[in-house]
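Respectively, the protein sequence lines represent chains A and B. Start counting the first sequence at 1; every next residue gets the next number (this note's numbering). Start counting the second sequence at 1; every next residue gets the next number (this note's numbering).
These are computed hints drawn from the structure, not numbers from a lab. Treat the hints with caution; some may be incorrect.
Unchecked claim - Simulated crosslink set (DSS-like; lysine-lysine; CA at most 27 Å straight-line):
1. 296/A with 332/A
2. 296/A with 91/A
3. 91/A with 299/A
4. 115/B with 88/B
5. 89/B with 265/A
6. 3/B with 207/A
7. 88/B with 188/A
8. 56/B with 89/B
9. 296/A with 101/B
10. 115/B with 296/A
11. 265/A with 186/A
12. 115/B with 94/B
13. 177/A with 38/B
14. 39/B with 177/A
15. 10/B with 265/A
16. 56/B with 265/A
17. 204/A with 94/B
18. 91/A with 284/A
19. 238/A with 91/A
20. 131/B with 101/B
21. 39/B with 207/A
22. 183/A with 24/B
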Amino acid sequence: MKYEIEKDIMTDNYYLNMGPQHPSTHGVLRLVLRLDGETVLDAVPDLGYLHRGMEKIAESRTYSQFLPFVDRIDYIAALLNEHGYCLAVEKLLGVTVPARAEYIRVIVAELNRIASHIVWYGPFAMDLGAITPFLYAFREREMILDMLESVSGQRLTFAYMRIGGVRQDLPEGFIEKARAFCKYLKPKIDEYETLLTENAIFLKRTKGVGILSGEAAINYGCTGPVLRGSGVKYDIRKNSPYSVYPELEFDIPTGTVGDTWDRYKVRLEEMRQSARIIEQALEKLPSGPIMAEVPKIIKPAPGEAYGRAESSRGEIGFFVVSDGTQYPVRLKIRTGSFSNLSALRDLVKGLKIADVVAVLGSIDIVLGEVDR
Amino acid sequence: MIKFTVKVFKRVTSLLEGMAVTIKYFFSGPVTMQYPDKKWTLPERARGVVTLIIDKETGKHRCIACLACVRTCPNFSLAVEVKTDENKKRYPGKFTLELGKCMFCGLCVDSCPTKALMMNNEYELAVYTRKELTRSLLP
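Given the sequences, and given the hints that come with them, work out the whole structure.
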């Protein structure tokens, strides 16, 4: 909702720092808000509080040594990052990954996508004052993390994929557990919807707030649910398929208006689609090796490659340049959150402060990914 | 007027539907674990602290001090002092792990040619001093 600014009383604009310690800026993001009363005239995101120099670190690490660092770019969806990075290096090496490894990658990545969307769903509802959904959502996330822990050994920074395959095969009983979980999850997502989708307060806070048109979203370079919420049907899994996604059936949910509610709806639908993908992948899971023949010391021929994957927050891309040694000369990381955040300035102009929190929540940024 | 009443009715029921979900869970048991009293059973693959596998009967480890783990560690948290015995066989004189640097990625375990390393199930790793963060892996 845009608010008309009353002109008859002369008041001064003032500045407000939202963050970096604000509880609803989702990390160490500082927003410099220029305000007229409670109406936001301008919002400038100030980045860099979580800058760890990932791209520079990569230049002094070997290709396989950098993998655990990739987990820490977007720590909520670590496996999706790993997938993108492995795709880039495998492209550079010219390695074909065995089918079983690719299926395992897709299964764990989609599980991670659901976990990541749950981490968005809970805090987003909490930003708007609904505390209950957070607790229910994290109950399901716990089950996913338990499953991923049994596969990889860690709960958040998995370091599970390897260049050329995956570290270990799926443990015994995992397939049944994953299948049971997909069945269990679907009614739970309906329950999430009962809690929020038609809730009167939630509708008031989200419908028509922070409208991002499809054209603007493309111009800002938005990807992922933010772009799809604006009605643009673009998903890297479909538009430039990688891994085994062409063999799996799923829909790309899109919004119509591009407001906060649409972005919410898209993510919930994506969780259902992810569960669908997992079920199919478990069904089709072939047997065979889980690692391709990769030399112990990875020394790609001089050249460059760009590998990208659809993360839960948009396109995650790795541009790797090799000069023939075991260290990359340059590694550029393209993340979804960074581009999505750039649209925020336009979205919040004319809104009230409380709506800034709602819009920021609906963009779903992870500061580790924004700052790298 | 009727439209308005329907709208109000819908809005009110939407709130009640949410409440119904909450009340349903009011009668089911807790999902959380009372952590310090009850403890987790970690899966087999859980990656805790890196340790040398010690043979229970002989009390020996399989490390040959080849430094593969030291070289593969992304954060340079492992250190091995190489020593040679009278048969010119290499063995580790010192084998230390700096826990503060460790990322628990498991690359060292993967790189070991003799499968001498493993990651145990320890996860309560807080210590009081910086010195305690450096651990010796040798018995």
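Structure-based check of each hint:
| no. | hint | result |
| --- | --- | --- |
| 1 | 296/A with 332/A | 24 Å, holds |
| 2 | 296/A with 91/A | 17 Å, holds |
| 3 | 91/A with 299/A | 13 Å, holds |
| 4 | 115/B with 88/B | 21 Å, holds |
| 5 | 89/B with 265/A | 65 Å, violated |
| 6 | 3/B with 207/A | 20 Å, holds |
| 7 | 88/B with 188/A | 64 Å, violated |
| 8 | 56/B with 89/B | 23 Å, holds |
| 9 | 296/A with 101/B | 24 Å, holds |
| 10 | 115/B with 296/A | 16 Å, holds |
| 11 | 265/A with 186/A | 15 Å, holds |
| 12 | 115/B with 94/B | 18 Å, holds |
| 13 | 177/A with 38/B | 23 Å, holds |
| 14 | 39/B with 177/A | 22 Å, holds |
| 15 | 10/B with 265/A | 20 Å, holds |
| 16 | 56/B with 265/A | 57 Å, violated |
| 17 | 204/A with 94/B | 65 Å, violated |
| 18 | 91/A with 284/A | 25 Å, holds |
| 19 | 238/A with 91/A | 19 Å, holds |
| 20 | 131/B with 101/B | 13 Å, holds |
| 21 | 39/B with 207/A | 44 Å, violated |
| 22 | 183/A with 24/B | 20 Å, holds |
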